[in-house]
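4 protein chains.
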Amino acid sequence: MEIGIYGLGRMGANMVRRLHQSGEHRVLAGNRSGGKVDEIRKEGIEGVYSMEEMVQALEKPRAIWVMVPAGEATSDALSAFADLMDEGDILIDGGNSYFRDSVHHAKVLSEKGIRFLDAGTSGGIWGLRVGYCLMVGGDASAFEHVEPALRTLAPEEGYAYLGEAGAGHFTKMVHNGIEYGMMQAYAEGFEILEKSRYDYDLRTVSNLWNQGSVVRSWLLELAHEAFVKDAKLDSIRGYVEDSGEGRWTVIEAIEEDVPANTIAGSLFARFASRQEDSFAMKVIAALRGGFGGHAIKEAATEDEK
Amino acid sequence: MEIGIYGLGRMGANMVRRLHQSGEHRVLAGNRSGGKVDEIRKEGIEGVYSMEEMVQALEKPRAIWVMVPAGEATSDALSAFADLMDEGDILIDGGNSYFRDSVHHAKVLSEKGIRFLDAGTSGGIWGLRVGYCLMVGGDASAFEHVEPALRTLAPEEGYAYLGEAGAGHFTKMVHNGIEYGMMQAYAEGFEILEKSRYDYDLRTVSNLWNQGSVVRSWLLELAHEAFVKDAKLDSIRGYVEDSGEGRWTVIEAIEEDVPANTIAGSLFARFASRQEDSFAMKVIAALRGGFGGHAIKEAATEDEK
Amino acid sequence: MEIGIYGLGRMGANMVRRLHQSGEHRVLAGNRSGGKVDEIRKEGIEGVYSMEEMVQALEKPRAIWVMVPAGEATSDALSAFADLMDEGDILIDGGNSYFRDSVHHAKVLSEKGIRFLDAGTSGGIWGLRVGYCLMVGGDASAFEHVEPALRTLAPEEGYAYLGEAGAGHFTKMVHNGIEYGMMQAYAEGFEILEKSRYDYDLRTVSNLWNQGSVVRSWLLELAHEAFVKDAKLDSIRGYVEDSGEGRWTVIEAIEEDVPANTIAGSLFARFASRQEDSFAMKVIAALRGGFGGHAIKEAATEDEK
Amino acid sequence: MEIGIYGLGRMGANMVRRLHQSGEHRVLAGNRSGGKVDEIRKEGIEGVYSMEEMVQALEKPRAIWVMVPAGEATSDALSAFADLMDEGDILIDGGNSYFRDSVHHAKVLSEKGIRFLDAGTSGGIWGLRVGYCLMVGGDASAFEHVEPALRTLAPEEGYAYLGEAGAGHFTKMVHNGIEYGMMQAYAEGFEILEKSRYDYDLRTVSNLWNQGSVVRSWLLELAHEAFVKDAKLDSIRGYVEDSGEGRWTVIEAIEEDVPANTIAGSLFARFASRQEDSFAMKVIAALRGGFGGHAIKEAATEDEK
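Chains as they are written, first to last, in the numbering used here: chain H, 1 to 305; chain X, 1 to 305; chain F, 1 to 305; chain A, 1 to 305.
If you're looking for bench data, these hints aren't it; they were derived computationally from the structure. No residue lacks a Cβ here, since even glycine has one placed at the ideal position from N, Cα and C. Where hints are given, some of them may not hold.
[Said to hold, decoys possible] Derived list of chain A stretches under chain F, where covered just means 3 residues or more per stretch with a C-beta under 8 Å from a C-beta of chain F: (1) 20-33; (2) 79-89; (3) 123-133; (4) 166-172; (5) 232-243; (6) 260-268.
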C-alpha cells in the first residue's frame with residue numbers, strides 16, 4: 001500500500017526503513033527540517049520536503065502516519081495535514097499522545113471528514129529488527145485500509161484494533177504504567193541483592209533468572225545486557241526521567257477508583273530520583289529536632305554543591 | 001551421577017522424572033508416606049520407602065536433595081538425614097526455605113562434616129518440560145559434585161553457584177519479591193483497562209503486548225492464557241495467598257535500608273485481598289463520622305454475611 | 001457587617017447561627033428549597049426565599065457567601081448571583097471546590113466586576129462551637145471587607161488571606177490530603193494493635209496517647225470518642241467514601257513532581273475499602289494458578305453474595 | 001515513694017528532675033559515667049556513682065528505672081542490676097526497646113524473682129514541662145507499686161497499664177510508627193504547597209491549620225515553630241534518621257497481615273532521604289537506555305561529589 005510517514009526521529013525513521021525494506025509498500029518519508037529527509041533519501045527511500053508535497057504525492061484515500069512529539073507538535077501537525085487533505089483520507093497519530101487528546105483529535109478531524117487512528121507504538125530502538133507492537137484505536141474502516149502497513153511494521157500478531165478513538169493511546173498509556181511498575185520491581189530486587197551480605201555478580205543472577213524462572217522477560221534480558229556492560233552500574237547516575245504516560249496512568253487509576261500503589265510508587269520513585277533535596281524530608285528533620293532534639297543536618301552550602 | 005530426591009510433592013516428583021528421563025543419572029525417589037513412592041515406581045523409577053533405605057542405597061559421597069515444605073519439615077528432614085550420613089556426604093535443600101535458616105543449617109551440618117547446598121528453585125509446574133531455574137549457594141565442592149544433575153534439571157545456563165550458604169535461597173527470595181511486584185504491576189494495569197471507558201478484550205491486549213512490546217514476559221503469556229480461559233476472570237475470586245518470600249523480601253529491604261514501595265505495596269495488596277473487613281478502614285469511617293457527620297455503613301450482620 | 005449565606009446544609013446553617021449568635025452582624029440566610037429557610041427563621045434569624053430577595057435585601061457592596069455542593073451547583077449559584085449583583089459586590093465560595101474551578105470563577109466574575117473569594121472551610125460539625133478554620137484566596141480588598149465576618153466565624157487566628165484566586169481552595173485541598181494521610185496512619189496503627197498478641201483496650205490507648213505523647217491531636221481525640229462508643233468498632237463497616245480533595249491532592253503532587261506515597265496510599269486504601277472484589281487480585285490469583293498450580297478461590301455465586 | 005533512675009541522658013535526667021521537683025518522692029540518680037551524676041547533684045538531687053550504691057541506698061522492694069540506649073546497653077544494665085537485687089524488687093525499662101526483647105527480659109528476670117515493667121515513654125524534650133506519656137506493660141503488682149512515680153512523671157491520665165510484658169514497648173513502637181506516618185503526611189502536604197503556583201508563607205498556613213481545622217495537632221504546632229525559625233527550611237538538609245520503631249512497626253504489620261502502605265511509605269522515604277544515589281534508579285536508567293535509547297546521566301565523578 002501507499003503510506004506517508006511524517007517525523008523522522010529515531011522511531012519514525014526506523015518505521016520508514018522497516019516499511020521500505022519489506023518491498024511491499026510505497027513509503028514516503030517527510031520531516032519538518034530537511035536534513036533528515038536528505039539522509040533517508042540516501043537509503044533509496046522516497047523523501048518529501050513539506051506536508052504539501054507529501055499530500056500531493058499520495059493517492060486517495062491518503063494515509064499519513066504522524067510520528068512527532070506528543071502534545072502541541074502532534075496537534076499542530078494533525079491540524080495542518082487536515083487542512084491539506086480530503087474527505088475520506090486517513091491520519092494516524094503514532095506518538096505517545098494523551099488518549100484524551102486523541103479523543104479530541106478524532107472529533108475535530110471527523111468534522112472535516114478525515115478518518116483518524118491513534119496508534120500506540122512500543123518497541124523502542126529494537127522495533128526496526130523485531131517489529132513494533134501497535135495498539136490501534138479509532139476509525140475501523142481506516143484500520144482496515146492501513147492494515148497491510150501495520151502487518152509489515154509489527155511482528156506476527158503484533159497489531160490490533162482495540163476500539164474507538166483513544167483506545168490505542170489508552171492501551172499504550174497503561175502499557176507504560178505497567179512498564180514503570182515492572183522496572184521498579186526489578187530495580188528494588190537488584191538493590192536488595194546489591195546491598196546484601198552476599199557478594200552477588202548481577203550479570204550471573206540476571207542471566208540465570210532469564211532461564212526458566214518465573215520472572216523472565218525481555219526487560220530482564222536488557223538488565224542482563226546492562227550489567228554485562230557495567231557490572232555495578234558505576235557509570236550511571238540514578239536519575240530517571242518520565243515522559244508522561246506513568247503520570248496519566250496514575251491519574252486514570254484515580255479517576256476509575258483503582259488502587260494502584262505499585263504503579264504510583266514507581267512514578268514517585270522517579271520524582272525522588274530527580275530531587276537534589278526533599279522539602280518533605282526537611283519538614284520531618286525539623287519536626288524531629290523540635291520534639292526530640294534529634295540532630296539536624298545542615299543544608300549544603302553553595303560551595304559544597 | 002547418583003542422586004536421591006526426598007519429597008515427592010508436585011515439584012519433587014517432576015524433578016525425579018526430569019532426571020530419570022534424561023537417562024544420564026541413577027535417581028532414587030523417596031517420600032515420607034509410601035503411596036507416592038508406589039506411584040513413582042510405576043513409572044519405572046527406583047523408589048525407596050525410608051530415609052535409611054535411601055542413604056544405604058547411595059554410594060559415597062552421597063547426594064540427597066530434600067524437597068519438602070519449608071520450615072520445620074525441612075529442618076527435621078535435614079537433621080534426620082544428617083544422622084544417617086557420613087562425613088563428606090551432601091545435602092541439598094531445594095525448598096523455599098528462609099535464607100537465615102539455610103545459614104543455620106549449613107553451620108549445624110558442617111559440624112557433622114556434611115556438605116550443604118541451598119538451591120532456590122523456580123519454574124513451578126512448568127519445570128518438568130522447560131527445566132528449573134536453580135539458584136545455588138553453599139559448599140562450592142558440593143556444587144561441583146552435583147553439577148551433572150543440576151545441568152539436567154535446569155534449562156541451558158539455568159543454574160549457577162551464587163555464593164556461600166544462604167546465597168541461593170536469598171536469591172530465590174528476592175526473585176519472588178520481584179515476581180510479586182511484576183504481577184501487581186500487570187494486575188493494576190489490567191484493572192485500569194477493565195474499568196476504563198473502552199470495552200477491551202483482555203485476550204487481545206495480553207496477546208498483543210507479548211508481540212514486541214516492552215512489557216512482554218512469560219508472566220504475560222500466562223496472563224493471556226488465563227484470559228483465554230475466562231475472558232473477564234468471572235470465575236475467580238480476588239483472594240491471594242502468600243508463601244513467605246514476599247514478606248522476607250520486604251523485611252530484608254528494611255534491614256538493608258532499601259526503599260521498596262513497589263514490592264511492599266504488592267505484599268500489602270495480598271493482605272487486603274484476604275480481609276473480609278478492614279479494621280483500619282473502620283477507624284477512618286468512625287473518624288469521618290466524628291468530625292464531619294459523614295454517614296457510616298453498618299457492619300454486616302451475621303445473617304447478611 | 002452585613003452578609004448573606006446561601007445554602008443551609010449542615011455547614012451553612014451552622015455558620016449562619018455562629019454569625020447570628022455573635023450579635024455583631026446582620027446575617028441573611030437563603031436556600032434553594034424553602035423548608036430550611038422556615039426552620040432557620042424559627043431561630044429568629046432573617047431568612048430569604050430566593051437569590052433575588054437576598055440580593056435586594058443587602059446593602060452595597062453586597063457580600064454573599066455561597067455554601068452549596070462543589071461542582072455544578074456552586075458554578076450555577078455563583079453565576080446566577082452574579083447576574084443579579086452589581087460591580088464591586090463580593091461573592092465567596094465556601095465549599096470544597098476544586099481550586100482550578102475557583103481560578104476560573106474568579107476570572108469570569110471579574111469580567112462582570114464582581115470580587116471573588118475562595119474560602120476553604122474546615123471544622124465540620126464542630127465549627128459552630130469551636131469556630132471554622134478559614135483559608136481564603138482571591139481579591140484582597142474583598143477579604144478586608146468581609147474580615148469582620150471571618151473573625152466571628154473562625155476561632156482566634158483561625159482565618160487568613162493566602163493569595164490570589166484559588167489559593168484558599170488549594171490550601172483546603174492539601175489540608176484534606178494531609179487529613180487522609182494522618183487518619184490512615186492512625187488507622188494502620190490501631191489495626192496493628194488490634195491484631196497483636198496483646199489484648200489492648202483501644203479506649204485506654206487512644207486516651208493515653210492524647211496525654212503528652214508526640215501523636216496527640218484532635219483527630220486522636222475523636223478516635224478516643226469513637227472507641228468509647230464502640231470499643232471494637234463492631235458496628236461499623238470499613239467502607240470509606242472520598243469527596244474529591246484527596247484525589248486532587250495526589251493529582252497535584254503528580255503535576256508538581258512531589259513523591260507522595262503516603263497520601264496516595266491513603267487514597268488507594270479508600271478505593272480498596274469500597275471494592276467487593278478486586279480485578280487486580282483476580283489477575284494475580286489466575287497467574288499463580290498458571291505458574292504454580294496454586295489453588296484459586298472461586299468467585300462467590302449470586303446466592304452466596 | 002522511692003525510686004532510682006539509672007541513665008542520665010536527655011530523657012533520664014529530665015525525668016529525675018520532674019520527680020524531684022514534685023517534692024513527693026525520694027529519687028536517686030545514677031549513671032555509668034560520673035560526670036552526669038556530679039551535674040545532677042548540683043541541682044540538689046541525690047546522685048549515686050554505681051549500680052551497687054543505688055541498690056544499697058534503696059529500701060525493699062526496690063524500684064529502679066533503667067533509661068539507657070535500647071539494645072545491648074539495656075540488656076546489660078538489666079542483667080547487672082538483677083544480679084544485685086532481691087526477689088520482689090522491680091526493674092523498669094523506660095527506653096525504646098524492641099518489645100520482643102522486653103518479653104525476653106521479663107522471662108529471664110522472673111526466673112530470679114525480679115518483677116519487670118516495660119514502659120514506653122513519649123514526650124521528648126518537652127516531657128519535663130508537659131509530662132511524659134507512659135505506656136506500661138509487665139507485672140501488674142509492680143505497676144501498682146510504682147504508680148505514684150508514674151503519676152508524677154505523666155500529665156493527668158498520661159500513664160496506663162496495658163498488659164503483660166512487652167505490651168508497653170509494643171504500644172510505643174506503634175505510636176512511633178503512627179508518628180512516622182503523620183509526619184510524612186504533613187511533609188508531603190507542605191511540599192505540595194511549597195512547589196505550587198501560589199507563593200505560600202508556611203508560617204501562616206501552619207498556624208492557621210492549628211486553629212480549629214481537622215489536622216490540628218501538637219506536631220503541627222512544632223511545624224509552625226520550625227517555619228517561624230526558618231520560613232523555607234533553607235538551613236536544613238532533608239536527611240532523616242530512624243531509630244528502629246518504624247522498622248519494627250512495619251515488620252509487625254507484615255507478621256500480622258496488616259496492609260500498612262502509609263507507615264511503610266514513610267519509612268522508605270527516610271531510607272531514600274539518606275541515599276546519595278539509588279542503585280534501583282540506576283537499574284531503571286540503564287533499562288530505559290536499553291530499550292528506548294533514552295539519555296543516561298553519568299554518575300558524579302569523585303571530583304564532583
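Here's how the hints hold up against the structure:
Coverage of the stretch 20-33 of chain A by chain F is violated in this model, with 0 residues showing a Cβ closer than 8 Å to a Cβ of that chain against a need of three. With 0 residues carrying a beta carbon less than 8 Å from a beta carbon of chain F, the stretch 79-89 of chain A misses the three-residue requirement, and the given coverage is violated. Remark: the stretch 123-133 of chain A is confirmed as covered by chain F, as 8 of its residues place a Cβ nearer than 8 Å to a Cβ of that chain, reaching the required three. Note: the stretch 166-172 of chain A has 4 residues with beta-carbon separation from chain F under 8 Å; the three-residue rule is met and the coverage holds.
Counting residues of the stretch 232-243 of chain A whose CB lies closer than 8 Å to any CB of chain F gives 0, so the stated coverage by that chain is violated, three being the minimum. With 7 residues bearing a CB less than 8 Å from a CB of chain F, the stretch 260-268 of chain A meets the requirement of three and the coverage assertion stands.
Hint violations for this structure: numbers 1, 2, 5, all remaining hints satisfied.
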